[in-house]
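Enquirer: Letter by letter, the chains look like this.
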Amino acid sequence: MVFDDNTMRLIHIFMASFFPLLKAGLTFTVPLTLVSFVLGLVLALFTALARISKVKILSSLASLYVWLIRGTPLLVQLFIIFFGLPKIGIILDPLVAAIIGFTLNVGAYNSEVIRAAILSIPKGQWEAAYSIGMTESQALRRIILPLAARVSIPPLSNSFISLVKDTSLAAAITVTEMFQIAQTITAATYEPLLLYFEVAIIYLMFCTILTILQSRMEKKLEKYVAN
Amino acid sequence: MIDIKNLHKSFGENEILKGIDLKVNKGETVVIIGPSGSGKTTLLRCLNLLEVPDSGIIEIGTSRLDFNQSLKPNQNSILSLRKQTGMVFQGFYLFPHKTVIENIMEGQIIVLKRSKADAFKKGLALLDKVGLLEKKDAFPHELSGGQQQRVAIARAMAMDPKVLLFDEPTSALDPELAAEVLKVMQSLAEEGMTMVVVTHKMSFARDVANKVIFIDNGLILQSGTPTEVLKNTDNLRVKQFLNILAD
Numbered sequence: 000m001v002f003d004d005n006t007m008r009l010i011h012i013f014m015a016s017f018f019p020l021l022k023a024g025l026t027f028t029v030p031l032t033l034v035s036f037v038l039g040l041v042l043a044l045f046t047a048l049a050r051i052s053k054v055k056i057l058s059s060l061a062s063l064y065v066w067l068i069r070g071t072p073l074l075v076q077l078f079i080i081f082f083g084l085p086k087i088g089i090i091l092d093p094l095v096a097a098i099i100g101f102t103l104n105v106g107a108y109n110s111e112v113i114r115a116a117i118l119s120i121p122k123g124q125w126e127a128a129y130s131i132g133m134t135e136s137q138a139l140r141r142i143i144l145p146l147a148a149r150v151s152i153p154p155l156s157n158s159f160i161s162l163v164k165d166t167s168l169a170a171a172i173t174v175t176e177m178f179q180i181a182q183t184i185t186a187a188t189y190e191p192l193l194l195y196f197e198v199a200i201i202y203l204m205f206c207t208i209l210t211i212l213q214s215r216m217e218k219k220l221e222k223y224v225a226n
Numbered sequence: 000m001i002d003i004k005n006l007h008k009s010f011g012e013n014e015i016l017k018g019i020d021l022k023v024n025k026g027e028t029v030v031i032i033g034p035s036g037s038g039k040t041t042l043l044r045c046l047n048l049l050e051v052p053d054s055g056i057i058e059i060g061t062s063r064l065d066f067n068q069s070l071k072p073n074q075n076s077i078l079s080l081r082k083q084t085g086m087v088f089q090g091f092y093l094f095p096h097k098t099v100i101e102n103i104m105e106g107q108i109i110v111l112k113r114s115k116a117d118a119f120k121k122g123l124a125l126l127d128k129v130g131l132l133e134k135k136d137a138f139p140h141e142l143s144g145g146q147q148q149r150v151a152i153a154r155a156m157a158m159d160p161k162v163l164l165f166d167e168p169t170s171a172l173d174p175e176l177a178a179e180v181l182k183v184m185q186s187l188a189e190e191g192m193t194m195v196v197v198t199h200k201m202s203f204a205r206d207v208a209n210k211v212i213f214i215d216n217g218l219i220l221q222s223g224t225p226t227e228v229l230k231n232t233d234n235l236r237v238k239q240f241l242n243i244l245a246d
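For the record, the sequence lines run as chains F and A. Oh and the first sequence: position 140 is 139 in numbering that gives the first Met the number 0, straight run, nothing missing. Oh and the second sequence: position 139 is 138 in numbering that gives the first Met the number 0, straight run, nothing missing.
Hints should not be assumed to be uniformly reliable.
To be verified - Under 10 Å between C-beta atoms, here's a sample of chain F residues computed to sit facing chain A:
(1) 127
(2) 132
(3) 133
(4) 134
(5) 140
Said to hold, decoys possible - Derived PhoX-like pairs (lysine-lysine); straight-line CA-CA distance at most 25 Å:
(6) F:122 x A:71
(7) A:135 x A:112
(8) A:134 x F:218
Read the hints as simulated data drawn from the structure, not as lab findings. Think of the CB as a built atom: it goes at the ideal place given N, C-alpha and C, for glycine as much as any other residue.
Taking the hints into account, I'd like the entire structure generated from these sequences.
Expert: Okay, here's the thing in C-alpha cells:
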C-alpha cells in the first residue's frame, strides 16, 4: 500500500505524538485524577456528615459550600484559584491549584451522593447497632458507612469517570496534562482534527478501563445487599 | 430486675404512653399484648431507650434513670442502661455485610472489648444453642427469616444482657419459621432468662409467660398470670381483643 505524502505525514505525526500524549496522561492526568478524587472523597464524607449533623452551624456551612461549588462552573473556580488568588498574595503552583479546584468540586458533588447513601440505610440498622450498645460513632463507622459505601459505588464511579475528563480543564491553568500537550503539538503541526481525535481516543481508553473495573467491583459487592 | 414507674411518652401531640407501671422479676417472662397502636412497642423501645420517655423512672439491673422533659439523660447513662438489655426486632436487622458469626462477634469486640478468640468462642456456643452452628460463615441474605431471627437472638445474647426484649419477633415469619424462633425463646425462658416479649402469639403467652400484660390506649388495662388474663378475664376490652384474635 502506498500513501501520498500528506497521509504519510499524518501517520508520522500520529505515531510521534501518541506516546508523549499517553505519557502525559499517565504522569499527569491519572495522578491528578487519583489525588483529587481521594482528597475529594474525604472532603465529601465530612461534608455529608456535617450536612446530616444536628449541629446547625455545621450543616449550614456544609450546605453553603455545596451550593457555591455546584452553582459555579468548574473552569471559573479554577481561574479564581490560579489567576485570582495571586491578587491577594496566594500564589499557587498550577498543579496544586488544579488539585485544590478538583478536590473542592469532587467534595461538593459527592457529599450529596454519600449523604443520600447514608440516609438510604434502613433506620433498623442504626437501632440494631444501638441495641448492642454501640455509640453513634461506632454505629456509623462499623455498620452504616460500610453499607453506605456499597450503595454509593455506582454514582461515585460515575463521578470518578467524569473527573478523568474534567482534568482536561487544567490545561487552561497551564498544567501540562494530556490535553495541554495535545494543544502544544497542535500548535506546532497545525493538525487539530488529528490531535484532538487522538487525545479523545486516549481519554476513551482510560474511561473504558475504569468502566470495566466499575462493573467488576459492583458484581463483587452485589451479594451484600442491605435489608 | 425491671422496675418502671409512671412512664409517659408522647410523639408530638399524641400521647402514646399515659403512665405505665411495670415490674419484672429476675427470670420472668412477661408477654405484652394489646391492639396495634396501643403503645406496646413504644413501651418496649423505651426500655432500651430507642425512644426516650418524657417522664417516669426506668430501673433495669444496676441502672436507674429518672426522666423529665427538661433534662435529657446523658449518653453514658443511656449506654449503660442499654448494656443491660438486648433487643430482637420484628425486621431482624442483622448486619448484611457481616457473616453470621461476625454479626455475633461485632458487639462483643467493639462494645465489650473482648478478644477475637473469646468473641468467636462465645459466638459458636450461642449459634449451637440456636441450632445454627453450620451457618456460621453464611451471610444473612442466605438464611431464611426464621434463621435470621435466631441469629439475631444469638447476637443479642452475646452481650450478656440481663433482660432480652422482643418486639413482635415472629410477625414477619411464616407459622413454620415462627415456630422455630418461639422454640428458641421458650428454651431461653426455661433457662431463666428474663424476657419481655411483645407478640400476638397467644400460644406463647399461654405456655411460656409468667405474666401477661394487656395494654390499650397507653395504659395497662390488666396484668396477671396467663390464666387470669387470657382465660378468666372479666375485662370487656380484653375479652373483645381476645375474641378477635381467636377468629
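Enquirer: Determine for every hint whether it applies to the structure shown.
Expert: To see whether the hints hold, each was checked on the structure:
Interface hint status for residue 127 of chain F: upheld, as the beta-carbon distance to the closest one in chain A is roughly 4 Å, under 10 Å. The criterion of a C-beta within 10 Å of any C-beta in chain A is met by residue 132 of chain F, whose closest approach is roughly 4 Å, and the hint holds. About 6 Å separates the beta-carbon of residue 133 of chain F from the nearest beta-carbon of chain A, less than 10 Å, and the hint is met. The interface hint given for residue 134 of chain F is met, as the beta carbon of that residue sits about 7 Å from the closest beta carbon of chain A, less than 10 Å.
Given the 10 Å rule on beta carbons, the hint for residue 140 of chain F holds: about 9 Å separates it from the nearest Cβ of chain A. At roughly 22 Å between alpha-carbon atoms, residue 122 of chain F and residue 71 of chain A fall within 25 Å of each other, so this suggested pair holds. For the given pair, residue 135 of chain A sits about 21 Å from residue 112 of chain A by alpha-carbon distance, which is consistent with the 25 Å threshold. With a C-alpha separation of about 23 Å, the suggested pair residue 134 of chain A and residue 218 of chain F falls inside the 25 Å cut-off, and the hint holds.
In summary, the structure agrees with every hint in the numbered list given earlier.
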